[in-house]
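Q: Residues per chain, in single letters:
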Amino acid sequence: MLFSRRLMLGLAMAGSLAGALAVPAMAEGPTEIDLFFPVPVDGKLARDMSTLIKEFNEGHPDIKATAVYTGSYDDTLIKTRASIKAGKPPAAVIMSANFLLDMQIENELTNLDPLIAADGTTKEQFLGQFFPALQGNAVINRSVYGVPFHNSTPLLYINADKAKEAGLDPSKPPQTWAELTDWAKKLTKREGDKVTQWGIAIPCAYDYCGWMMETLTMTNGGRYYNEEFGGEVYYDTPSMLGALTWWNDLVYKHKVHAPGATPGPAVSTSFISGNAAMMMLSTGSLTYVRDNAKFNYKVAFIPRNVRNAVPIGGASLIVPAGLEADKQKAAWTLIKWMTSPEKSAWWSRATGYFAPNMAAYKTPDMVDFLNKNPDAKTAVEQLEVAKPWFATYKTVPVRKTLEDEVMLVLNGKKQPKEALVAAQKAADETLKPYNAETSLKLP
Amino acid sequence: MSLAEPAALPVATSAAPRLHVLKRFVGRFKASLPAYLLLLPSLVFLALFTYGAMGRVIIDALYQRATPKAPVRFVGFDNIAAVLADPAFTGAVVNNLIYAVGTAIPSIGLALLFALALARTSAVSSALRAALFLPVLIPMVAASALFLFIFLPNVGLLDYYIGRLLPVLPNWLGDSDIALYAIMVITIWKNAGYYMLFFLAGLQSVPEDVMEAAHLDGAGPYQRLRHIILPELQPTFLFVTVIAILNAVTQVDHVFVMTKGGPSNATNLVLFYIYQQAVEHYDIGKASAATLLTLAALMGLTALSFRTMANREGGR
Numbered sequence: 254m255l256f257s258r259r260l261m262l263g264l265a266m267a268g269s270l271a272g273a274l275a276v277p278a279m280a281e282g283p284t285e286i287d288l289f290f291p292v293p294v295d296g297k298l299a300r301d302m303s304t305l306i307k308e309f310n311e312g313h314p315d316i317k318a319t320a321v322y323t324g325s326y327d328d329t330l331i332k333t334r335a336s337i338k339a340g341k342p343p344a345a346v347i348m349s350a351n352f353l354l355d356m357q358i359e360n361e362l363t364n365l366d367p368l369i370a371a372d373g374t375t376k377e378q379f380l381g382q383f384f385p386a387l388q389g390n391a392v393i394n395r396s397v398y399g400v401p402f403h404n405s406t407p408l409l410y411i412n413a414d415k416a417k418e419a420g421l422d423p424s425k426p427p428q429t430w431a432e433l434t435d436w437a438k439k440l441t442k443r444e445g446d447k448v449t450q451w452g453i454a455i456p457c458a459y460d461y462c463g464w465m466m467e468t469l470t471m472t473n474g475g476r477y478y479n480e481e482f483g484g485e486v487y488y489d490t491p492s493m494l495g496a497l498t499w500w501n502d503l504v505y506k507h508k509v510h511a512p513g514a515t516p517g518p519a520v521s522t523s524f525i526s527g528n529a530a531m532m533m534l535s536t537g538s539l540t541y542v543r544d545n546a547k548f549n550y551k552v553a554f555i556p557r558n559v560r561n562a563v564p565i566g567g568a569s570l571i572v573p574a575g576l577e578a579d580k581q582k583a584a585w586t587l588i589k590w591m592t593s594p595e596k597s598a599w600w601s602r603a604t605g606y607f608a609p610n611m612a613a614y615k616t617p618d619m620v621d622f623l624n625k626n627p628d629a630k631t632a633v634e635q636l637e638v639a640k641p642w643f644a645t646y647k648t649v650p651v652r653k654t655l656e657d658e659v660m661l662v663l664n665g666k667k668q669p670k671e672a673l674v675a676a677q678k679a680a681d682e683t684l685k686p687y688n689a690e691t692s693l694k695l696p
Numbered sequence: 068m069s070l071a072e073p074a075a076l077p078v079a080t081s082a083a084p085r086l087h088v089l090k091r092f093v094g095r096f097k098a099s100l101p102a103y104l105l106l107l108p109s110l111v112f113l114a115l116f117t118y119g120a121m122g123r124v125i126i127d128a129l130y131q132r133a134t135p136k137a138p139v140r141f142v143g144f145d146n147i148a149a150v151l152a153d154p155a156f157t158g159a160v161v162n163n164l165i166y167a168v169g170t171a172i173p174s175i176g177l178a179l180l181f182a183l184a185l186a187r188t189s190a191v192s193s194a195l196r197a198a199l200f201l202p203v204l205i206p207m208v209a210a211s212a213l214f215l216f217i218f219l220p221n222v223g224l225l226d227y228y229i230g231r232l233l234p235v236l237p238n239w240l241g242d243s244d245i246a247l248y249a250i251m252v253i254t255i256w257k258n259a260g261y262y263m264l265f266f267l268a269g270l271q272s273v274p275e276d277v278m279e280a281a282h283l284d285g286a287g288p289y290q291r292l293r294h295i296i297l298p299e300l301q302p303t304f305l306f307v308t309v310i311a312i313l314n315a316v317t318q319v320d321h322v323f324v325m326t327k328g329g330p331s332n333a334t335n336l337v338l339f340y341i342y343q344q345a346v347e348h349y350d351i352g353k354a355s356a357a358t359l360l361t362l363a364a365l366m367g368l369t370a371l372s373f374r375t376m377a378n379r380e381g382g383r
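Protein sequence lines correspond, in order, to chains A and B. When you read off a place in the first sequence, starting at 1, and then add 253, the result is the number in the numbering used here. When you read off a place in the second sequence, starting at 1, and then add 67, the result is the number in the numbering used here.
Honestly, I wouldn't trust all of these hints.
Claimed, not checked - DSBU-like, lysine-lysine: derived pairs with alpha carbons at most 30 Å apart:
id : chain 1 : residue 1 : chain 2 : residue 2
1  : A       : K341      : B       : K90
2  : A       : K678      : B       : K136
3  : B       : K136      : A       : K582
Please keep in mind that the hints were generated in silico from the structure rather than gathered at the bench.
Here chain A stands alone, though its shape is the one from the complex:
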């Protein structure tokens, strides 16, 4: 039969091809490792990353690292989980810092303590290199699971030209909620009912909204979540009620903030185009504002109601669970190299993020850079009052329960109190299985 012969031939070819693929590469050469990296801000980062990895490979002939671009922070989590499930995890991943706890609960992370001990350093010495604010998201149950790589905090951006126009002094930015409210009122311009210039813009889209709520709650003395235990969030509390009520008042009482939920890019565009005179946004947007603003701008700490405090953002390097020992070792070499003061400082200047390694700010290049760009200095100074990013069991859905309710408030559909009660209830429901096996599992 004609076809069957042809078919047999085809099958044989397919079979031999599959066989060739299945044979493991008999690696006499360097240890090959993959690094998954997300690009949360813009495309240029991918080029910077390949420069960095190329330099690493040249200096380490026994390791061949490949940087694999994996999309956004969320996509990177999906792809990492998929490859762990498939039994082929990457050797290292740049992971959003608040996903670490959830991954640790799911047994998807390698405990880094033995690797630190093998270097002859103590945990305290190792962590001591980094800003203290960053340690909360890297240490779980007193073990190190992540190494801070690039970080951010929220900042207040002010259009200095508009402030002067309104008779305000941009060299003395608002320090309290009361002063900020006053500034926002003076900076809002109206034509009848129509607002032509908003006093302030605060982003609210999934991810950003939770971070801004944490920011406002912290400056109001609150905590948002239990830093020591992943089963609790503090949504229905006076500190958060005050924060959300103030945000609501900015929109509906003082009418100095546009109604509705506005995503981060819309907020920065609005600020750049002069439609919003002030905004609260990540330090990660500093480079973008510096490059695009056609006016004088000024950055300042997030104003306080009770105290100065902000959450950190950004990403840490992690090593997924289930990796061979040689790859683990190679990954550790790569991670230590990437977080060293020089590389950390270089990456910070290239991207606009903080360098988590404190020694990075003592390198000559960085001292030069900060002298030329004093706005970057303000951002670093705020790290003194920074605190960890919320991380719970199922961080994203728990955060979303709050965000959905905040969006309802900003759209005028709910009052702050009832919104927070509903958010707390939904979050508690999501956290239930974890509590059932931890805090509520009794002898």
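Using the hints, position chain B against chain A.
A: Relative to chain A, chain B alone:
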């Protein structure tokens, strides 16, 4: 003997009917073996990537773990019950129904209008056809990124022009009352040109002689449309409607890029809900159960439309 033969036949069949059926089956199988062999390569891939995945979804939908550290265990229909009881799912279904009706009717209406206006080929109509078809060629993700800027509150293209006319500028994607409709506009803009192609093809099959006869009998343009063109286009309508509804369920790129289902789940569609369950909640059981429900609804819809089409064909 010629009479005896037919009499003997029933006896033989009643003696070994099973063997007979089997023989016939084997015979038929032998005859169609080359056909199956020819189909084998595609069957292998279908099995690997379509049926295999579907089987996996069915299995995953039946398992769940009680707590994060507990092993997965068989829970039967618990996952499906949990999905049906989830207000986010019912909300997504309602949104999806509004979205399906609100995108299918306008885009099909526009497509018909375009097709009727541009049915005759000329240099101008060809250029217009190309222009109307252009949105189809732009990937949904790219289109969404473009519309993100068009919809920017206060400073976007839309507000720049429309802003002078409205007393208060709407926050197109940030207002939970408007966001779903903003998303629908993109779908209509993107799909109308595609459906226009089907109607253009359908219009070719309207018999010339009938049209001429109607013209001679003094039928006006409306009467010709109402009594000749629309009835002739009925199969096209049916087909395009099915495609439009399938698109309404399977195309969520713009939701992903523009709103992530927000604000407050206002633009959450069923497929995006499944993504959220699988990725954000990391709840494979619930995601599979929701997939299964969607799959069942889509298969029901497809079967219904095929039957209607078959009936129509048969009735002719």
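Q: Each of the hints needs a verdict: does it hold here or not?
A: Each hint, compared with the structure:
Taking the CA atoms of K341 (chain A) and K90 (chain B), the gap is near 50 Å; set against the 30 Å cutoff, the hint is violated. A C-alpha spacing of about 23 Å is found between K678 (chain A) and K136 (chain B), which places the hinted pair at or below 30 Å, so the restraint holds. Simply put, K136 (chain B) and K582 (chain A) have alpha-carbon atoms about 28 Å apart, close enough for the 30 Å limit, and the pair holds.
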